[in-house]
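Q: Residues per chain, in single letters:
Number of protein chains: 2
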Amino acid sequence: MKILHTADWHIGKIINGQSLIEDQKFILNKLFDAIKEHDPDVVVISGDLYDLHYPNKEAMVVLEDALSMINLELKIPIIAISGNHDGKERLNYGERWFEKTGLKIITGYDDLMTPISMEGINIYVMPYFTPADVKHVFDVKTIHTHQEATEYIMSEMEQVMNKDETNILVGHLFVAGGESSDSERPLSIGTIETVTANTFNAFDAVLLGHLHHPFAIKSDFIFYSGTPMQYSFSDANQAKGYRLFEIDNKAFKQKFIPIEPRRSFHVIKARYEDVIHEKIEVKNNEDYFHFKLTDMDHVTDPLMKIRNIYPNTLQISRIDYEVAQDEIDVDVHTLSDIEIIESFYKHVTEETLEGIKKDKVIQLLESHLNKGANE
Amino acid sequence: MKILHTADWHIGKIINGQSLIEDQKFILNKLFDAIKEHDPDVVVISGDLYDLHYPNKEAMVVLEDALSMINLELKIPIIAISGNHDGKERLNYGERWFEKTGLKIITGYDDLMTPISMEGINIYVMPYFTPADVKHVFDVKTIHTHQEATEYIMSEMEQVMNKDETNILVGHLFVAGGESSDSERPLSIGTIETVTANTFNAFDAVLLGHLHHPFAIKSDFIFYSGTPMQYSFSDANQAKGYRLFEIDNKAFKQKFIPIEPRRSFHVIKARYEDVIHEKIEVKNNEDYFHFKLTDMDHVTDPLMKIRNIYPNTLQISRIDYEVAQDEIDVDVHTLSDIEIIESFYKHVTEETLEGIKKDKVIQLLESHLNKGANE
Chain A
1 MKILHTADWH
11 IGKIINGQSL
21 IEDQKFILNK
31 LFDAIKEHDP
41 DVVVISGDLY
51 DLHYPNKEAM
61 VVLEDALSMI
71 NLELKIPIIA
81 ISGNHDGKER
91 LNYGERWFEK
101 TGLKIITGYD
111 DLMTPISMEG
121 INIYVMPYFT
131 PADVKHVFDV
141 KTIHTHQEAT
151 EYIMSEMEQV
161 MNKDETNILV
171 GHLFVAGGES
181 SDSERPLSIG
191 TIETVTANTF
201 NAFDAVLLGH
211 LHHPFAIKSD
221 FIFYSGTPMQ
231 YSFSDANQAK
241 GYRLFEIDNK
251 AFKQKFIPIE
261 PRRSFHVIKA
271 RYEDVIHEKI
281 EVKNNEDYFH
291 FKLTDMDHVT
301 DPLMKIRNIY
311 PNTLQISRID
321 YEVAQDEIDV
331 DVHTLSDIEI
341 IESFYKHVTE
351 ETLEGIKKDK
361 VIQLLESHLN
371 KGANE
Chain B
1 MKILHTADWH
11 IGKIINGQSL
21 IEDQKFILNK
31 LFDAIKEHDP
41 DVVVISGDLY
51 DLHYPNKEAM
61 VVLEDALSMI
71 NLELKIPIIA
81 ISGNHDGKER
91 LNYGERWFEK
101 TGLKIITGYD
111 DLMTPISMEG
121 INIYVMPYFT
131 PADVKHVFDV
141 KTIHTHQEAT
151 EYIMSEMEQV
161 MNKDETNILV
171 GHLFVAGGES
181 SDSERPLSIG
191 TIETVTANTF
201 NAFDAVLLGH
211 LHHPFAIKSD
221 FIFYSGTPMQ
231 YSFSDANQAK
241 GYRLFEIDNK
251 AFKQKFIPIE
261 PRRSFHVIKA
271 RYEDVIHEKI
281 EVKNNEDYFH
291 FKLTDMDHVT
301 DPLMKIRNIY
311 PNTLQISRID
321 YEVAQDEIDV
331 DVHTLSDIEI
341 IESFYKHVTE
351 ETLEGIKKDK
361 VIQLLESHLN
371 KGANE
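Line by line, the protein sequences give chains A and B.
Per this note's numbering, the first sequence starts with residue 1, numbered consecutively.
Per this note's numbering, the second sequence starts with residue 1, numbered consecutively.
Calculated from the structure, these hints are not laboratory results.
Some hints here could point you the wrong way.
Identical chains blur together in the list; that is why a pair holds if it fits in one copy or across any two.
In the PhoX-like style, the derived pairs of lysine-lysine whose C-alpha atoms are separated by at most 20 Å in a straight line are [to be verified]: (1) Lys57 with Lys88; (2) Lys75 with Lys100; (3) Lys30 with Lys75.
Bound conformation, chain A alone:
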């Protein structure tokens, strides 16, 4: 049994006004080549196929093309679940026809306790849910956190599970200790998102989406595939690709296999003049750049000038301030709130916080702290 595991395609993603759709078509073609080469028994997509609940029409065409190339052209089954970025109804549209050719897109709760059996292996699918979803659907009033919601689902699954067989879980969540990046969106606001690794102990292997780093967690049975391409400057220098599992009863081998994108993301710290005179080391001028620049006080419209040379520059920061910021030398653990604010104020304005300004800050601070206590 061979599984190719991918996740977090985020089709339709736009960064700083730049659509990544051409990069996404490119990387999905590469992924298609890899699937053709490895010829897995199933492709697992662990959520966040789209970047938005309301994908634009171009994103829909790209997803349909990718799914049909794998499922109709190569005739390889697909198991996909919805992530926190996917709109369930939109991702799921057409599923009653899709399943006839082995393309399963699971966004609901009906089949949580009914694993998909392939080659004698049981694949449990758990689309993304909020604690409130689980509380509501299963009518369990005591659920408030992702941990509690996931524990509840796990305990239900364990009741139907045959532990002598090989059991795999496909999910979209944040395992505690995992490393997050700038390009994920919080799972839900105001709740602790993480779920501990041992929650999944009943499973032989867990194939996850949500965290974008392929090595987001160290575990011998829980794996993130990571995104197929870089999706933020915090992903710069990070390998991207997919995972390949070969499962033989309860034993399995797996490896991460990188794929080369159309354009990489780079963060480059340099003097403005060095960038503009191409005195920096860059392999491909067409890549995506975030330039952190010094010595540019005299420059007007730097983005336009830099884009003449590096057309896909997405961001420019002046880092004189940033460097200065590193120099704040206060120990926030030993200072009071107002002392921290005083230090910051002095650092930014080079003046002392005093008089009516200080009174106002204290007043705001107190009203804020009291409000928090009353909620």
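Dock chain B against chain A, hints included.
A: Chain B only, in chain A's frame:
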């Protein structure tokens, strides 16, 4: 060969803030019952399945349910085309899987010259297009109107057509002489929309969508099915349903079959007090009403008061003005522009248009007319 012909479902339609989705579910269930009863060889849906290019998720679920009940549950093929209200990419999403069970959703131009053959009959499908679409896709610079665009497509179709066989066209357009209603959206702005009936002479039968009245046109070979339910107050008292065709070589019988909606649309002219004291003749208080009311100068918040009795009142008009308007007795064909404006001004204000006001109107009128002449 039996065809059940329907069109203009407009799923997701909202009138004056009132979602019609529950009415649409109801009517699609009735349509499903009719399809089950007649057991046609194919169901033809002549465009405008959705009301909006970006349907909401509820609309998507209703469409998917309706299509799957007909196509998967009853196993009856469907031929559907996009209308001017449908977003091609959204309506078409999943088509590569749908066609495997005989659900064809045609939104593009690739197969215009390739009829679908069923029971020895050729069904040509022509999704809605603008003149600019045809000009662009077929690279014909001389096309500017719907008439020219349709003539071009017809001449191309005629070249591949076997006229000895039975040829049917499915389209979404406005045939000249057809009767339009308030609930259609213009096909395109700034062009004449209509296409003459004789443009379609090569076909044995033409099954259309766009006009909402099932008897919008008198023809022995061109038919509108009309909408399955009323979609505006201009549809009040209008029968709604579907058409059933029985085709035997080039001969065919067809009939319009009405279906009863969950709620009808009514326009009621009455005194406010008569409405509020239920002294008007109404079969079902839950129907949709547009009340045109007199004698209500003293009433505050009439909509709320009327909705206590007729909860689905969508519109209220005071018709004192409207009645007065009927009394204007001028022949606009014999009067000059300024004379028409003078009459209107006098009618509305009960004063004579004169002095600086009249000068200003003349000035505006002239500048407007000159501007038009220069464009």
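Q: Please write out, lowest number first, the hints stated earlier that are contradicted by the structure.
A: none
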